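Please work from the sequences and hints to get the whole structure.
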Amino acid sequence: MGTYFDINGSAMIYIPQSAELKNAKFTEEANNLIQKECQIIIKKFKNKLQELVKQNPEVFDNISFEGFYPLGLDINCFQNKAHGPSTDLVNFENGKRIHVHHTATLTINGTIETDDYE
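Every number in this note's numbering is 81 more than the matching position in the sequence shown, counting from 1.
Since the hints were derived computationally from the structure, they do not count as laboratory data. Owing to the predicted nature of the structure, the values given are computational and were not obtained by experimental measurement. Cβ atoms here follow ideal geometry from the backbone N, Cα and C, with glycine treated the same way. You can take every hint at face value.
Between beta-carbon pairs, the in silico distance windows are:
1. TYR85 to PHE173: 51 to 57 Å
2. LYS117 to ASN172: 16 to 22 Å
3. GLY148 to LYS125: 16 to 22 Å
4. THR108 to THR84: 43 to 49 Å
5. LYS106 to THR188: 27 to 33 Å
6. GLU147 to TYR95: 25 to 31 Å
7. LYS125 to GLU147: 17 to 23 Å
8. THR188 to LYS135: 22 to 28 Å
9. LYS129 to TYR85: 19 to 25 Å
10. PRO166 to ASN143: 33 to 39 Å
11. GLN116 to ASN172: 14 to 20 Å
Here are the simulated DSS-like cross-link-like pairs (lysine-lysine), alpha carbons at most 30 Å apart as the crow flies:
12. LYS103 to LYS125
13. LYS124 to LYS106
14. LYS129 to LYS117
15. LYS135 to LYS125
16. LYS162 to LYS129
17. LYS162 to LYS127
What follows is the structure, encoded as structure tokens:
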């Protein structure tokens, strides 16, 4: 049995403006594309964590992503709709250019067990 290590953090992530996002015909379509990018970010982040576990089995025990109690990590990503960089897209909706915030917040909460706390 090792040491329990609590992880609680967040990061703001810039979502690059793809051609598909720039040419979205509706605000909802643009927001859905950003949410799709969020899901890709979560998947990549989880894969990187699993790689670290495999590369360092003497340090990390297996990490669960099925919730964070008693052990495991809860990772979420959501679009920032009130702050952060934003832009006007190519198309118009209701007489105005479609305006979206293209940043997301990645949150990580949970507890992992490690045999090498330092």
